[in-house]
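Following our numbering, the numbering of the sequence shown begins with 1 at its first residue and continues without gaps.
Incorrect hints may have been included.
[Said to hold, decoys possible] Label-pair restraints from in silico Cβ distances:
| # | residue 1 | residue 2 | range |
| --- | --- | --- | --- |
| 1 | T327 | T185 | 30 to 36 Å |
| 2 | G424 | A184 | 40 to 46 Å |
| 3 | P187 | N32 | 45 to 51 Å |
| 4 | P187 | S321 | 18 to 24 Å |
| 5 | A348 | S216 | 29 to 35 Å |
| 6 | A201 | K104 | 25 to 31 Å |
| 7 | D153 | P465 | 49 to 55 Å |
| 8 | S93 | N469 | 46 to 52 Å |
| 9 | D137 | G351 | 47 to 53 Å |
| 10 | S247 | S408 | 19 to 25 Å |
| 11 | F75 | S170 | 22 to 28 Å |
[Stated by the list, open to error] Pairs of lysine to aspartate or glutamate residues, derived as DMTMM-like cross-links and limited to a Cα-Cα distance of at most 20 Å, are as follows:
| # | residue 1 | residue 2 |
| --- | --- | --- |
| 12 | K51 | D112 |
| 13 | K104 | D76 |
| 14 | K51 | D415 |
| 15 | K51 | D406 |
Since the hints were made in silico from the structure, they are not lab data.
Virtual Cβ for every residue (Gly too), placed ideally from N, Cα, C.
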Amino acid sequence: MHLFSRRRPWRAVVGLAAAVALLLGASPAVANVTLTTIGSDPFTNSTSQHKTQVEPDTFSYGSTIVSAFQTGRFFDGGASDICFATSTNSGGSWTQGCLPGVTKFQGGGIYDRVSDAAVAYDARHNVWMISTLALTDTGGVVGKAVLTSLSTDGGLTWPTVVTTRLATGSANLDKNWIVCDNTATSPFYGNCYTEYDDNGASNRIHMSVSSNGGTSWTDHTLTQTGLGGQPVVRPNGTVMVPYESNSGQIRSFRSTNGGSTWSSSVTISTAQVHTTAGGLRTSPLPSAEIDAAGTVYVVWQDCRFQSGCAANDIVLSKSTSETTWSTVTRITSDGGDHFIPGIAVNPATSGGSAALAVAYYRYATPSCSASTCQLTVGYTSSANGGTSWSAPTQLDGPFGLSLIADTSQGRMVGDYISVSISGGLAWPVFMHAQTPSGAAFDEHAVAPSTGLPVTGGPIAAADGPVQVNGGHNLPVTGHKH
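Construct all of the structure, not just a fragment, from the sequences and the given hints.
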């Protein structure tokens, strides 16, 4: 996808790599992708599953890429901390650390657990931000606060933690996301926007706004209900927020006045979803990004193009008007089941020349079981705004589900995967799992050692034939800590 706390020692990671031989899509062609480990679990508390990392986000600005991910996943929600990896040379090397001042396990934090890391950069105030969901676990796991960790040294240290919203009463906060307005000509340049929902109020959506580098926030309660909103900002300052509604639709709302007021939502599409096999935790949460001209691109997992809803593809819709959305098109057509996508857009491109990169997880065999499912990571790109796509490349895997974190909602690599573009190349961050040695798990964050080309290809994005029309959408239930 797109793109701080008391000081903690950090270490540079350069060239820690493992070569992985991979298939190109469904063909026998082989591509060699070298992966660099950019995260590790330093924690030892007995209450969570160690040597696990899940659910990355990334954001890039200039030559800096910041990624953040849960580390030490609990079975019933959250993690020991959010750890980060920062590259200041477009992926050439990475600095690792974990956020202090959030949980009890790191740097004097007060919260029991933390979840849902999302990364942004505020160009006007030169501040990197990681938004997190702080959890308490006395009498049940509750989303107690949305926090924002701040870095003013390029994402290397995070000495400030700000409370964006503290839950009161029966509130149970969930699924935060953050973005900043980085267009110097925008009337709201330097505004940052955090979206989250309140599961204790039927997933009522909130938007918080900061205009001072994240040091204080003003909260707005909206009428919409749902989760997983991902705000993006157009060059004119309009904020667009695609999200998954309670009724299983992908919808979007906006603000045209810097977050003072928010519109009613419009439908992008009803999500038609195949239940992923093997008990893997997935959901049709949207991933959203924007190009230089303000076109918004949204991807999610959807089964409408496969007969009988037998498996999911990654699909895309886009908007140039803020209120209407294009017909849904199919990005993947190589068979198998595709899910948990993340999209990036080269911010220097737009329209018919917009460069898009999409990463996702995949099963080659959709009808597998918990003991036979084999998880892989896929990648594809477009150089013409999503009109056509490259043949998919398998970046990692296969590996079995028993190697990844177990949760009350299924085995987990995360509700998100992420990819950012820096130096004209794509840098996906995802979870790699392998047979552990001396521990229950070995699941950690990785990135390609060399950025991936965003050159597109000849495979046309299709808008038909649609095999499934209604009846397979999955209404939102419960929280997704």
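Okay, the hints, checked on the actual structure:
1. T327 with T185: 30 to 36 Å: holds (32 Å)
2. G424 with A184: 40 to 46 Å: Check failed, 22 Å falls outside 40 to 46 Å.
3. P187 with N32: 45 to 51 Å: With Cβ atoms ~48 Å apart, the hint holds.
4. P187 with S321: 18 to 24 Å: The hinted range 18 to 24 Å holds for P187 and S321, with Cβ atoms some 19 Å apart.
5. A348 with S216: 29 to 35 Å: holds (32 Å)
6. A201 with K104: 25 to 31 Å: holds (27 Å)
7. D153 with P465: 49 to 55 Å: holds (53 Å)
8. S93 with N469: 46 to 52 Å: holds (49 Å)
9. D137 with G351: 47 to 53 Å: holds (48 Å)
10. S247 with S408: 19 to 25 Å: Since the Cβ atoms of S247 and S408 sit about 24 Å apart, the hinted range of 19 to 25 Å holds.
11. F75 with S170: 22 to 28 Å: holds (24 Å)
12. K51 with D112: Holds, at roughly 18 Å.
13. K104 with D76: holds (18 Å)
14. K51 with D415: It holds: about 18 Å lies between the C-alpha atoms, which stays within 20 Å.
15. K51 with D406: holds (12 Å)
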